[in-house]
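Visitor: Okay, here's what each chain looks like letter by letter:
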Amino acid sequence: NAGVTQTPKFRILKIGQSMTLQCTQDMNHNYMYWYRQDPGMGLKLIYYSVGAGITDKGEVPNGYNVSRSTTEDFPLRLELAAPSQTSVYFCASSSHHGTEAFFGQGTRLTVV
Amino acid sequence: DQQVKQNSPSLSVQEGRISILNCDYTNSMFDYFLWYKKYPAEGPTFLISISSIKDKNEDGRFTVFLNKSAKHLSLHIVPSQPGDSAVYFCAASGAGANSKLTFGKGITLSVRP
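Protein sequence lines correspond, in order, to chains A and B. Per my numbering, residue 141 is the first one in the first sequence, and the count goes up by one each step. Per my numbering, residue 17 is the first one in the second sequence, and the count goes up by one each step.
Calculated from the structure, these hints are not laboratory results. Some hints could be false.
Said to hold, decoys possible - One-sided excerpt, in silico: chain A residues whose CB lies under 8 angstroms from chain B:
| # | residue |
| --- | --- |
| 1 | 181 |
| 2 | 183 |
| 3 | 237 |
| 4 | 238 |
| 5 | 239 |
| 6 | 240 |
| 7 | 243 |
| 8 | 244 |
| 9 | 245 |
What the hints assert, rightly or not - Only pairs whose alpha carbons sit at most 35 angstroms apart, straight line, appear in this in silico DSBU-like list of lysine-lysine:
| # | chain 1 | residue 1 | chain 2 | residue 2 |
| --- | --- | --- | --- | --- |
| 10 | A | 197 | B | 116 |
| 11 | A | 184 | B | 116 |
| 12 | B | 84 | A | 149 |
| 13 | B | 70 | A | 149 |
| 14 | B | 87 | A | 184 |
| 15 | B | 21 | B | 70 |
| 16 | B | 121 | A | 154 |
| 17 | B | 70 | A | 197 |
| 18 | A | 197 | B | 21 |
| 19 | B | 87 | A | 197 |
| 20 | A | 197 | B | 121 |
| 21 | A | 149 | B | 21 |
| 22 | A | 154 | B | 116 |
| 23 | B | 72 | B | 121 |
| 24 | B | 121 | A | 184 |
| 25 | A | 184 | B | 72 |
| 26 | B | 121 | A | 149 |
| 27 | A | 184 | B | 70 |
| 28 | B | 84 | A | 184 |
| 29 | B | 116 | A | 149 |
Glycine included, each C-beta is placed from N, C-alpha and C at the ideal position.
Could you put the whole structure together from the sequences, leaning on the hints where they help?
Guide: What follows is the structure, encoded as structure tokens:
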């Protein structure tokens, strides 16, 4: 049972580079989320989607973009990487808003 | 402004004893509360939840208590086992604009053998 799959697991970026964090889920969930977790902090919501073709900003959207062309995939794009984006990123999905969400294993990103 | 607060960053208990993890919230519109467990290098996994219409929910060794008037919930783990050592996140949600999960900072639980 795959659940939520994120790639890559680790990445080092130079300042100004761009990259896409991939996320796919096989549970046919409408709701998908991107969170970041900084040391000693909780999970901060970056962007979320309530279904294919619909995305919205969370608490900390600056510097990121998302798209949701299919139910399964919800990639997160960093256009101009900055050191402040060094973090662990988690993708999650749920069948209903605000209920049990299933998380991927995370992507540890370092911007140098 | 933190709407979900886990004020104790860490807790250490002896194996076999009870672990009590606390969580406070400020948003009175929250009506659904969840606990997640996270091991290093893994994503959070759902542990247990409670709706505001209840004051207690039990699942095996895990029990969550909700005190709405105090805006406080707690997770009890009895008996605690070394495998319970992890970071525990409290999360909350409500209707409408509050429908997305809001997480606390987490508590690191260490269970000593």
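Visitor: Hint by hint, note whether the structure agrees.
Guide: Hint-by-hint comparison with the structure:
1. 181: Hint on residue 181 of chain A: holds, closest Cβ of chain B at ~6 angstroms, below 8 angstroms.
2. 183: Residue 183 of chain A check passes; min Cβ-Cβ to chain B is 4 angstroms, inside 8 angstroms.
3. 237: 4 angstroms, holds
4. 238: 3 angstroms, holds
5. 239: 7 angstroms, holds
6. 240: 5 angstroms, holds
7. 243: Since chain B brings a Cβ to about 3 angstroms from residue 243 of chain A, closer than 8 angstroms, the hint holds.
8. 244: Holds - the Cβ of residue 244 of chain A comes within 8 angstroms of chain B, reaching about 5 angstroms at its closest.
9. 245: Cβ of residue 245 of chain A sits 5 angstroms from chain B, so the hint holds.
10. A:197 to B:116: Between residue 197 of chain A and residue 116 of chain B the Cα gap is close to 11 angstroms, so the pair holds against 35 angstroms.
11. A:184 to B:116: 11 angstroms, holds
12. B:84 to A:149: 39 angstroms, violated
13. B:70 to A:149: Roughly 39 angstroms separates the two Cα atoms, so the pair is violated.
14. B:87 to A:184: 21 angstroms, holds
15. B:21 to B:70: 21 angstroms, holds
16. B:121 to A:154: Holds, because 28 angstroms separates the two Cα atoms, which is no more than 35 angstroms.
17. B:70 to A:197: 32 angstroms, holds
18. A:197 to B:21: Cα-Cα ~23 angstroms, so holds.
19. B:87 to A:197: 27 angstroms, holds
20. A:197 to B:121: 21 angstroms, holds
21. A:149 to B:21: 29 angstroms, holds
22. A:154 to B:116: Since the Cα atoms of residue 154 of chain A and residue 116 of chain B sit roughly 32 angstroms apart, the hinted pair holds (cutoff 35 angstroms).
23. B:72 to B:121: 23 angstroms, holds
24. B:121 to A:184: 10 angstroms, holds
25. A:184 to B:72: 27 angstroms, holds
26. B:121 to A:149: 22 angstroms, holds
27. A:184 to B:70: 27 angstroms, holds
28. B:84 to A:184: 24 angstroms, holds
29. B:116 to A:149: Within the cut-off at roughly 25 angstroms; holds.
Going through the hint list in order, the structure does not satisfy hints 12, 13.
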